[in-house]
Every structure is written in C-alpha cells, then in structure tokens.
Amino acid sequence: MPGGYTGKILRVNLTTKTVGTIDTAKYEDFGGGHGIGSAVFFDLAGDQLPFDAFDPRNPIIMMASPFSGTFTPGSGRCEVQGLGPMLYPIEWFGHSNFGGRFTAQLKFAGWDGIVVEGSSDDPVWINIVNDKVKIESAKDLWGMDTWETQQDISRRVSPKLRYGEWAELAENCFTTQVPAVVCCGPAGEAKSRIASLLHGPGSQAALCGFGGVFGAKKLKAISAIGTGSVPIADPKAFMDTRLWFRQFLWDVDDPYQAEKYEGRAYYLISGQPSGGNTLNRQLPLTPARAAACASCPRGCRMRLATGDSNESICAGTLAINIPGSPKLSRLGSDVMQKCGLSHWHLQTVQRYVQSLYQRGILGKGKKIDTDLPVDQVGSLGYIDLLLRKIAARQGIGDDLAEGCARFAEKYGLYKEDLASGALPLTYWGTSDHYDARVETEWGFGSLLGERDLMLHMMANYPLHWMALSGSPYLTAEDAAKLFTDAMVPYQGDALMVDYSPAGTYSDSRVKQVAWVKHYEKFWVGAGGFCGWRWPMCITNNTPDHRGPTPHAEPRFWNAVTGKKLTFAEGMEIGHKIYTLDRSIWVLQGRHRNMEVFPDYIYDQKSRANILPMYQDGKWSYETGEGRTLDRAKVEEFKTKFYRFEGYNSDNGYPTRDTLEKTGLRKVADLLQSRNRLG
Amino acid sequence: MAESTKSEEKKTVSRRTFLTGGGAVLAAGTLAVVAPAAAEVTPSSEAKVSYPASTGYIVYDSRLCWGCQSCMFACSMSHQGEANPTLSRIQIIRDAPSFTTYPLDIEMAVCRQCVTPLCVQNCPVGAAHVDTEHGNIRRIDQKKCIGCKKCIQSCPQRPHRTVWNPYLHKSSKCDLCVDAPYWSKTGGPDGEPACVTICPSRALKLVHDTPPQADVAGYDVNLAPPPPPPGPPRRPGTPPPAPQAAPKS
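As given, the protein sequences belong to chains A and B, one line each in that order.
All letters in the first sequence, in the order written, are residues 11 to 688 by the working numbering.
All letters in the second sequence, in the order written, are residues 82 to 330 by the working numbering.
A hint or two may mislead.
[As the list claims (entries may be wrong)] Subject to a maximum C-alpha distance of 25 angstroms in a straight line, what follows is the list of computed SDA-like cross-link-like pairs (lysine to any residue): (1) B/Lys286 x A/Gly174; (2) A/Lys399 x A/Gly153; (3) B/Lys286 x A/Leu259; (4) B/Lys251 x A/Ala180; (5) B/Lys266 x A/Arg256; (6) A/Lys573 x A/Gln501; (7) A/Lys170 x B/Lys251; (8) B/Lys266 x A/Leu253; (9) B/Lys225 x A/Phe184; (10) A/Lys170 x A/Asn137.
[What the hints assert, rightly or not] Looking from chain A toward chain B, a few residues come up when the C-beta cut is under 10 angstroms (computed): (11) Gln115; (12) Gln160; (13) Thr185; (14) Gln187; (15) Ala300; (16) Ser305.
It should be emphasised that the hints constitute simulated quantities derived from the structure, not laboratory data.
From the three backbone atoms N, C-alpha and C, an ideal C-beta is built for every residue, glycine too.
Chain A on its own, in the form it takes in the complex (with noise of 0.2 angstroms):
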C-alpha cells in the first residue's frame, strides 16, 4: 500500500461476534474516507436493497482517510456512512461526520476504517488496542450518557494509565493519550431517529441518526487507542508543504485577523481567534481556551473554565437557546450531548413543538396531547425536560424520537405543514439552512444528495460571510473571479458564483453543483477535510488573497500517498464516488420525480443571503431578498445536471457508459438487473 494507508479496514460482525478484516488496497481507486466508505458499502449490501436502516443488514461504516493521522491541515474528520434513519421520506444511504481524535488513533492502532455488520442480542462495545480487538459486553454501560460512557470506557481500557504519565497498553506498546471512544446515548440505544454519536465532550455525528443505528446494533461505543506509526511516503515534501500552507493562516498575534479572514464567523477568546461557541460573548468572558480537532490549524472550538459547552460548535452551541443565558444554554447543550441527540434536527424540533402550541394543536388535552410544559419554552428546565423525554421516549418524546418528519406524518400534518415551511425540512427531512433560493449551490447540492449539504467553506463562508461583515476584502467582481479561478476543471468562469436571478439556472450553476458535488465527495470526503476548513479557495491572508486550492489538496495527498495525482484527477475520482451513492439511492428508490424542494421554497419569498450577483454588466453584492424558485426551471436545470453527470435525464438514472467510464461495471449490471439502469 502506498503511505498514508495502514492497509486493513476492521470488520467486525455483531451476530457471529466474530472479527475479520478488509484490504484495503481492494478499495484504492475510491480515495480513502467517503469513497472507500461507498465502496464497502455496494460490496457488502447493495445487492440486497431495499431493506431498513435498523436491519441487522445496515452496515455501518466509520472511515478514516490517507491524511488521518499526519498533520494535514483540518483533515481529523471520521466519515460515517450507511443507511440513515433520519432521512425522508427514504432512509437514504447517507453520510456524517464528527472531529476530534478518534481517526487518529485509529490509524495509530492500525486500521483505516471499521465496518461493523449484523447486531448483538446483548449491549457490546468494540475495544481496539493496536491490532488487538475484542467484542466487550456493555450490559454495565447501557443506560449510560455519553460523557460517562467515554470516562468509564477510558479507565477499562487503560487501568494503569494515570493521566500525565507513559502507560504500557501492551508489550512494548507506550503512549501518554487516553483512548478515543465513540459512542451514543440513551437517545440512540432507544433507537432514535434523530440520535447523534459522540466523540469528546462535543465533536457529534448529527446528521442521518447513526446513533440509533448504534442502538439497533445493541452497539454503545467504540474506542481506539494505537502506538505504531501513519506511513507518510514522502515525508520530507510533506513537511515542506505544511511549511507552505502556513502563509494561509491567520496571525494568531493579531487576534483581529480571525475576523477578516471570513467575516464575523469567529469570535475571539482569550486574544486567540475561535469560532462557533457563540454562547461564551457575555462579558466577563468565561475563560477558556480555543481548542482544536488532531491536527486543525484553525482551532474553531472552545474548552472552558466551567466546562459546559466545552468543543460543542456551530450548531452544538446554537440548538440550545435560553434567551438571556449563555450559561443557562451551555448546559442545556451539555443535556443535548449527554442524551445523544442530533443538534442539527433539535432546532427544528422545538420550533416545530412551539409551532404546533401555539396553533392550539399541541399541548394538554390537544389534538396532540402531551404535559409538556410548552409555555415554559426558553427555561432550562423546559429544554432538559423535552431532551429527556426524547431520549427515553416518554410521552410526547417517543414521537419525537421518530424525527420532525415521522412525528408530522403521524398526526397527519407533514404534506401541509412542509408545504407552508412551518415544518422547515428542507432536503430529505433535515432542516432548512442558507437559503436554497439564493444560495442554489447549496439548495441544489442538498436536494441532488441525501441531506443537507452541510459544507460552509464551499462558497457560504468565503462569499456570504465575508460579504456579510459589512466590509468584505475582496469586491463582488474580485471575489467572484478567484474564487472560480480555483475551481478547476471548470475554472475561468466567475458566472459559477452569480448569484443573481439570472445566474440561479446557468449552465455555470450546473458546473458549480457539480463542482461542489465532486469536491465533497473526494477531497472532503474521502480526504476526510473539515467542511469548516476546505476548499480555501480565497483568503485574507496572502497579498493576492488566492487561497490553497487547488494547489494544497494534491500536494499533501502526494507527499503522503507517493501518487502523483492532480486536483483535477481527484475531482473525477469525486464524480466517480457520487455517482456511486447515486446508484446507491437509485437502489433503494430514487428517481429525478423525488428531487423537489417542498413548496415553501417555490411559494415563498426568501430571506436575504447576501452574496456577489452580476446585474446589469456589473457586479456587486446584493441580498437576494424577496425571491422563489420556479418550479419548470429547477426542472430544466435538473435535465441539465444530470446530461453533465452523464446520467439519464428522464429519470436520474445513472447509465452504463458513465458507471463504465468511471470504473462501475458492477454496479452498471447491478442496476440493469433491477431495471434502474439510465
């Protein structure tokens, strides 16, 4: 195997208790990550779709890449993949992702990826030390919240490790670290829709429900610790690229630097720039430090002298709002974390809850009866009540637990409300985010996936962000013009980021989805890149304010692999790899019919987005407030997208010449036998 590989996948089967392993070479030409993630997936499954998410059946599939383990910048993501409960109206095969160390150790153990098949009768937890693996029962840990299950899991497995000093994990084995564990809670292991994984105090897997497929497993954790070493092919070429890389990084001895380098998107703590804990902005300012994933530069979270909160981020911080109370929300995000539950779908959850209330359909003696004290909303006590309701699935939370879109379709609301956006399940029953009428990229690359796109430094950060600030770097017409220089193969063409009317359809959109697409699958997927991170296609930080991209992503995966592969090849390898999960959704059912925004989106008018638009011959940035979608042309712009993909346009479908080209054959008759071929 080339570097950056330790060559074996883990495979672990819960019914049989039996644990073997996968070669990874097997799986080359898919990247690492996402793509080898796929891959497995088709191999061990894909000629048995349809079936469940909670079927035994449902592999579940956590992914490290070639970079885990070096130092490549924002490259500490686990990829979790299989078929995801969350989803609407299908449980897609879908994908998560969480930060922290866990990849690392990992690949310091010897492994570049687990698949886990099948379910145990009895709670288990998978113990990886090096190369030695056990099935250990979880009878003791079931029940557990997920902080607790990471500390007691700690101490089993590392019993003479006293924090601060070298432990001997085995015979010549030292290291100073704690294990790195991965685990649901009581949401998961009562087979939540809607649960999380977690890792650390706040690194989370929200997307997609994984953490009741944990439960459906009977699956509390798993944790992995390693001593040997992450093969790095060039190691010296390596060490000059991440010497390089540093010319796009903020002064952190001007701590004002974090705020010009994508707008007001961090936050400054302890004079040091952070980002997402928007909850630690009342003064006195807690203290605390800004803390990172293994090997991020960016340092995007936070750890905090009271401890609540510490690493939750983004939406981690932000599902939980007790008005006038950073504290107060800190620790309704701790409740959040400890149950397992996804933040990404509880914003909706309560909204929706608070919706129904004050519709006079929710609450005590309603059409939905329930106790839950709703006119308590914005205390404490009212968000650990819901949570805990949700996780042991008491009363009203035990249809919650199905998810905003299984509880609406239960009570007979979710064609109306989705319809009218009070139900705001945007893409494939995950939550509304930018908006999919001005910021298309991100509408069209969700709904032409599995969930929502969750990728901010495609365009959302650099452009809306920076445009956001009030005093962008760059003018709308620089902006859009390197931004898409770094767009390769479809660089030259600043139309890709028009965000005006007339661009919201273009042919450049297309390339842009497919951009955006391509790029997601390969370089943050199976690159295992932070979405918070990559691409960098434009900076603050360089004299001509290009970014890395495209020229860091093949640099550090060539000094660690050996290859000789270019941002272009990779982006092929991406189209390659979607064109895969396209298959994979053909399979269980998707057909172009399915890939249309709720109405909300075609009926009402957006909010603003600000972002560069090109009007009248000129460009500037504008807001887009006030716009739709019409129906016919997100219709022709799907035909359009799919002639590019080289799939079907009747139907989505990809067709054989395209899986052929791209190295799917297997997959090409797999469909022809079902009939699903483009």
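Starting from the known structure of chain A, arrange chain B on it as the hints suggest.
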C-alpha cells in the same frame, strides 16, 4: 537570568552517586544488559562533572495550546519520517478521562534541556550527552544507545521527556531538531525547531535564557499576544492595534 538558575548551573554532581542510586532501581534483567557497557564509561570515583547550560530552551504557554497535537506530528515526521505520537519528543495530553475543564484539560510535556540533565548523568555509555557543537543541547546519540532505559527512568519529569522507540529499542529526546532529516529548516538553539515553527497557536517559543528550574512555572510562561485595545472591535481590514507589552505571567 535568575540568580537561582545561575547557582544551579554551577552546581556539580557526583556521577558515581547517581549511577549507584540509579542502578538500585533497575530490574535484574536490565542490569545484565547494562553492566558491561556501563563499566566502560564509569568515571573515576571522585570525578565531579558539571554541564554547560544549553543555549536553547523551548518554553510554552499551556493556556494557549489548542490541543491539535501538530507539534507531536511535526516532531515524529521531522525526525522519523512517519506520524507517530509515541515517537514524538513533545507530548500533548488532552481529554483526560474525567473531561477536565480548562486550564487543566491539556498538559504540555516539553523537554526542559535541564541544567542538570539526569538523562546525561545516568547514561552508562555516553549516548546521552551535551552537544557542545550545537549550543550544549542535551542529546542522545542513537548509535551509542544500548536501550537500557536509564535515561527514561532518571528523567524527573512526568511524563518522562526521554522517549522510548519500541521499534529500534533505543531512547531519544528533544534535540531542538539539530538532527531532523525531514525538516528543511535548520534546528538548534539558534534555529527553528519543527514544533515551535508549526504550532498554529504560537504556544511554543524557543528562548536562550535558562528558565527557572525549580518547578513547571519556569517553562509554562505567558506567550499570549497583547490584549485588544479598549473600545469597539476593529473592523476587518483595518490596521492592527499598536503593540503593547505582554502582561507578566
């Protein structure tokens, strides 16, 4: 330089005393390996040795560390050409099992280049030595190391800063990147060690004055940038505030 440091620098120690004391804690099996080599280098019974102070030290600010462990990866990659936290001569320990709160959630373990280097004093074969050609930094010559682990056992820090290489069965320690074949920059007391250069939060700094030796505080110092000036936040793109003196730790 602090008075206490100067006096400690001049302190002389009997190596025999240390060798005797150190040998008492060794396991029998280890002694069997060590004894012949140790006999060759044991100084005369009354010999007194002192060590010239290193001219380079890495100090750190544990409150600034983000816990990204980039320094650890940079260390093992620069020296061994592979990413391996076990081989790193700097250890960043985070996520204690109890989810400890700031500032106790991260521990930075950096070699102190001790004024009185017990690793050097207790090495029976002279592998651990003072490198007079490179600013007196304390190094371990891998060719001479016999893997007896005396340097590890004698390191007074927790976790010990001398690091065991389980593949080579030898010890190593921070050399300020004097011998880092995969690091393009020059290391040493006047150079740019990889961990210091790479650290994205500037929580590490190479200094020349000997830090106070008595406790951790001498090395765990305030490296924070000046606080922002009073008043509303500066708008993006405007000049940085005028430099101010960093507050004392």
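- Is the Cα-Cα distance between A/Lys399 and A/Gly153 25 angstroms or less? 14 angstroms, holds
- Task: Verify the interface restraint on A/Gln115: the C-beta must sit less than 10 angstroms from at least one C-beta of chain B.
- Result: Interface hint status for A/Gln115: holds (9 angstroms vs cutoff 10 angstroms).
- Query: Do the numbers back the hint for A/Ala300, that is, is its least Cβ distance to chain B under 10 angstroms?
  - Reply: 5 angstroms, holds
- Message: Need the status of pair B/Lys266, A/Arg256: alpha-carbon distance at most 25 angstroms?
- Response: 14 angstroms, holds
- Pairwise hint evaluation, A/Ala180 against B/Lys251, where the allowed Cα distance is 25 angstroms at most: 18 angstroms, holds
- Query: Can the restraint linking B/Lys266 and A/Leu253 be considered satisfied, given a maximum Cα separation of 25 angstroms?
  - Reply: 10 angstroms, holds
- Query: Is B/Lys286 within 25 angstroms of A/Leu259, Cα to Cα?
  - Reply: The hint holds at about 18 angstroms.
- Restraint status (C-alpha distance of B/Lys225 to A/Phe184 at most 25 angstroms): Satisfied, since the Cα-Cα distance of roughly 22 angstroms is no more than 25 angstroms.
- Would you check the hint for A/Lys170 and A/Asn137, treating anything up to 25 angstroms between C-alpha atoms as holding? 16 angstroms, holds
- Message: Would the hint on A/Ser305 be counted as holding, given a Cβ-Cβ threshold of 10 angstroms to chain B?
- Response: Nearest chain B Cβ about 6 angstroms off; hint holds.
- Does the CB of A/Gln187 sit less than 10 angstroms away from some CB of chain B? Holds - the Cβ of A/Gln187 comes within 10 angstroms of chain B, reaching about 6 angstroms at its closest.
- Message: Run the distance test for A/Lys573 versus A/Gln501: straight-line Cα separation, threshold 25 angstroms.
- Response: Holds: A/Lys573 and A/Gln501 sit about 24 angstroms apart, inside 25 angstroms.
Violation of the numbered hints given earlier is absent; every hint is satisfied by the structure.
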